[in-house]
Amino acid sequence: MGLWGCCMESKKDLTIVCFSGEFDKLLAAFTIATGAAATNRKVTMFFTFWGLNALKKADGRRALGKDLLSRAFNWLMGGRKQLPLSRFNFAGISPKLMRGMMRKNNVAQLEELMEAAHALGVRIFACEMSMHILGVRQDDLIDEVQSVVGVATFLNESENAHIIFI
Amino acid sequence: MGLWGCCMESKKDLTIVCFSGEFDKLLAAFTIATGAAATNRKVTMFFTFWGLNALKKADGRRALGKDLLSRAFNWLMGGRKQLPLSRFNFAGISPKLMRGMMRKNNVAQLEELMEAAHALGVRIFACEMSMHILGVRQDDLIDEVQSVVGVATFLNESENAHIIFI
Amino acid sequence: MGLWGCCMESKKDLTIVCFSGEFDKLLAAFTIATGAAATNRKVTMFFTFWGLNALKKADGRRALGKDLLSRAFNWLMGGRKQLPLSRFNFAGISPKLMRGMMRKNNVAQLEELMEAAHALGVRIFACEMSMHILGVRQDDLIDEVQSVVGVATFLNESENAHIIFI
Numbered sequence: 370m371g372l373w374g375c376c377m378e379s380k381k382d383l384t385i386v387c388f389s390g391e392f393d394k395l396l397a398a399f400t401i402a403t404g405a406a407a408t409n410r411k412v413t414m415f416f417t418f419w420g421l422n423a424l425k426k427a428d429g430r431r432a433l434g435k436d437l438l439s440r441a442f443n444w445l446m447g448g449r450k451q452l453p454l455s456r457f458n459f460a461g462i463s464p465k466l467m468r469g470m471m472r473k474n475n476v477a478q479l480e481e482l483m484e485a486a487h488a489l490g491v492r493i494f495a496c497e498m499s500m501h502i503l504g505v506r507q508d509d510l511i512d513e514v515q516s517v518v519g520v521a522t523f524l525n526e527s528e529n530a531h532i533i534f535i
Numbered sequence: 370m371g372l373w374g375c376c377m378e379s380k381k382d383l384t385i386v387c388f389s390g391e392f393d394k395l396l397a398a399f400t401i402a403t404g405a406a407a408t409n410r411k412v413t414m415f416f417t418f419w420g421l422n423a424l425k426k427a428d429g430r431r432a433l434g435k436d437l438l439s440r441a442f443n444w445l446m447g448g449r450k451q452l453p454l455s456r457f458n459f460a461g462i463s464p465k466l467m468r469g470m471m472r473k474n475n476v477a478q479l480e481e482l483m484e485a486a487h488a489l490g491v492r493i494f495a496c497e498m499s500m501h502i503l504g505v506r507q508d509d510l511i512d513e514v515q516s517v518v519g520v521a522t523f524l525n526e527s528e529n530a531h532i533i534f535i
Numbered sequence: 370m371g372l373w374g375c376c377m378e379s380k381k382d383l384t385i386v387c388f389s390g391e392f393d394k395l396l397a398a399f400t401i402a403t404g405a406a407a408t409n410r411k412v413t414m415f416f417t418f419w420g421l422n423a424l425k426k427a428d429g430r431r432a433l434g435k436d437l438l439s440r441a442f443n444w445l446m447g448g449r450k451q452l453p454l455s456r457f458n459f460a461g462i463s464p465k466l467m468r469g470m471m472r473k474n475n476v477a478q479l480e481e482l483m484e485a486a487h488a489l490g491v492r493i494f495a496c497e498m499s500m501h502i503l504g505v506r507q508d509d510l511i512d513e514v515q516s517v518v519g520v521a522t523f524l525n526e527s528e529n530a531h532i533i534f535i
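Residue numbers (our numbering), protein chains in the order written: chain F, 370 to 535; chain D, 370 to 535; chain R, 370 to 535.
Heads up, some of the hints might be wrong.
If several chains are the same, the list does not tell them apart, and a pair holds so long as it fits within one copy or across any two.
Restricting the straight-line Cα-Cα distance to at most 20 Å, the calculated cross-link-like pairs of lysine to any residue (SDA-like) are [stated by the list, open to error]:
{"no.": "1", "residue 1": "Lys465", "residue 2": "Arg440"}
{"no.": "2", "residue 1": "Lys473", "residue 2": "Arg440"}
{"no.": "3", "residue 1": "Lys380", "residue 2": "Ala521"}
{"no.": "4", "residue 1": "Lys380", "residue 2": "Lys411"}
{"no.": "5", "residue 1": "Lys473", "residue 2": "Met498"}
{"no.": "6", "residue 1": "Lys411", "residue 2": "Gly490"}
{"no.": "7", "residue 1": "Lys450", "residue 2": "Leu466"}
{"no.": "8", "residue 1": "Lys465", "residue 2": "Met498"}
{"no.": "9", "residue 1": "Lys473", "residue 2": "Met500"}
{"no.": "10", "residue 1": "Lys381", "residue 2": "Lys411"}
{"no.": "11", "residue 1": "Lys473", "residue 2": "Arg506"}
{"no.": "12", "residue 1": "Lys473", "residue 2": "His501"}
{"no.": "13", "residue 1": "Lys473", "residue 2": "Glu497"}
{"no.": "14", "residue 1": "Lys381", "residue 2": "Gly519"}
{"no.": "15", "residue 1": "Lys411", "residue 2": "Thr522"}
{"no.": "16", "residue 1": "Lys473", "residue 2": "Gln507"}
{"no.": "17", "residue 1": "Lys380", "residue 2": "Asn525"}
{"no.": "18", "residue 1": "Lys465", "residue 2": "His501"}
{"no.": "19", "residue 1": "Lys465", "residue 2": "Met500"}
{"no.": "20", "residue 1": "Lys426", "residue 2": "Glu497"}
Since the hints were made in silico from the structure, they are not lab data.
Using the sequences and the hints given, assemble the complete structure.
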């Protein structure tokens, strides 16, 4: 970066760490991500721990993973269609209500936001360490996942970015 | 910004996204906000999803909103006096205990912090999209809310700011 | 900082606010902290509210604090060995399962990460205000805590840092 670089650069990059796999938090994450990408910011989303659920291929609640413990955890976590709310979840009824309210008020659904993010060039990374811990394999994840990376890559790619942990 | 601008600017702005409407998290948010504003930082608070509860006029648990679903959600969420703790809530007993402990130890209460934030010029924005989803209207919110804005405004106003998502 | 300072400085500092005392979130916090410190970033961790539990000396569930309310809260919060998961806690069974999965997959345990952080020079600060509210005394905290500080110190030390709120 040249002398003028630091003074004239226009917009900061944005990195969003998706740790919580809750429906409402993912909605916030993808709304910010698409909004930033649509206004020419370079956006990276780094999915870790429960956030990995948003990236799972499985439509139904399936027991993925290579051993019994992993399978138990993955069954519990469910996939993209079982994401709970962070509050008032009521065994999954409220996310359905919220989806209804979003439809009624013409707000983009989570799946639409995820597609928009991909179309706008938002990079989707999955966290290597949490995949190890939870027994999630790259095969279990949707094709939009660009790479499985560690914390060093996450930090290097975020050097000039806002970092938001959700 | 001139050549020297980038090298000599003093203090970064601060944007706090208040997503979680929990008592303890709002306490943290307003403590950081007032601390930053008191030391000459430009502070913006952006309230979204459950965070909107902190901005509701209603003192009691009222059913605001324009239709049945919105009213149900808004009744559940309650107002500023029903904010739960993020842990050990025990049906609302713990926030009362915590308020007692704060009083006893001479720590500023949440309402005092909110007043201080306003007096120190902290800007309060409400998120347009989550108001749509949850059926909250601007009339339902306290007068301190400066504006109802979208994600683009939030990002533009935070370009040179630390962003903290709470 | 000289003229070239701002243009040529290599890596940003990192401040992590540990608000949530949950096992999985602390794991994320210390993984990012050690990863950043290992790649020559200056890292500060600021523990507040439930995050203080990670710093408590007590190995067992003990009632610390100076009065009845504090003692009740501190007993509830437990110490480092009782940290819950943010999801699927099942009365503490899941954190044990997760520890097992981490051992099996050769992922560093939380205690190892905390030791590594200390060895790598990560600074550990405890939040003065939340210690007051929760009735936690400095004597209750492990020796690795470098200082008990307020929000002004936290902000000043984070001026040139990424701030991550976990």
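As a check of your reading, is Lys473 near Arg440 (CA-CA no more than 20 Å) within one copy, between copies, both or neither?
between (37 Å within a copy, 14 Å between copies)
Could you figure out if Lys473 and Met500 sit no more than 20 Å apart (CA to CA) within one copy, between two copies, both or neither?
between (36 Å within a copy, 13 Å between copies)
State whether the alpha carbon distance between Lys473 and Glu497 is at most 20 Å within one copy, between copies, both, or neither.
Answer is between; shortest inter-copy Cα gap is 15 Å, intra-copy 38 Å.
Tell me, please, which holds for Lys380 and Lys411 at an alpha-carbon limit of 20 Å: within, between, both or neither?
Close inside one copy (9 Å) and across copies (19 Å); limit 20 Å.
Regarding Lys465 and Met500, is the shortest C-alpha distance of 20 Å or less found within a copy, between copies, in both, or in neither?
The answer is between: 17 Å across copies meets 20 Å, while 28 Å in one copy does not.
Treating 20 Å as the Cα threshold, decide for Lys426 and Glu497: within, between, both or neither.
Result: close within a single copy only, 17 Å intra versus 31 Å inter.
Lys411 and Thr522: within-copy, between-copy, both or neither at 20 Å Cα
Both ways: Lys411 and Thr522 sit 16 Å apart in one copy and 17 Å across, limit 20 Å.
Could you place Lys380 and Asn525 in one of the four classes (within, between, both, neither) given a Cα distance threshold of 20 Å?
both (18 Å within a copy, 9 Å between copies)
Is the C-alpha distance from Lys381 to Gly519 at most 20 Å within one copy, between copies, in both cases, or in neither?
between (22 Å within a copy, 18 Å between copies)
Using 20 Å as the alpha carbon limit, work out where Lys473 and His501 are close: within a copy, between copies, both or neither.
For Lys473 and His501, only the inter-copy Cα distance (10 Å) is at most 20 Å; the intra-copy one is 40 Å.
Evaluate Lys380 and Ala521 at a C-alpha cut-off of 20 Å and name the case that applies: within, between, both or neither.
between (23 Å within a copy, 12 Å between copies)
Is it within a copy, between copies, both, or neither that the alpha carbon of Lys473 lies no farther than 20 Å from that of Gln507?
between (36 Å within a copy, 19 Å between copies)
Checked against the numbered hints given earlier, the structure satisfies every one of them.
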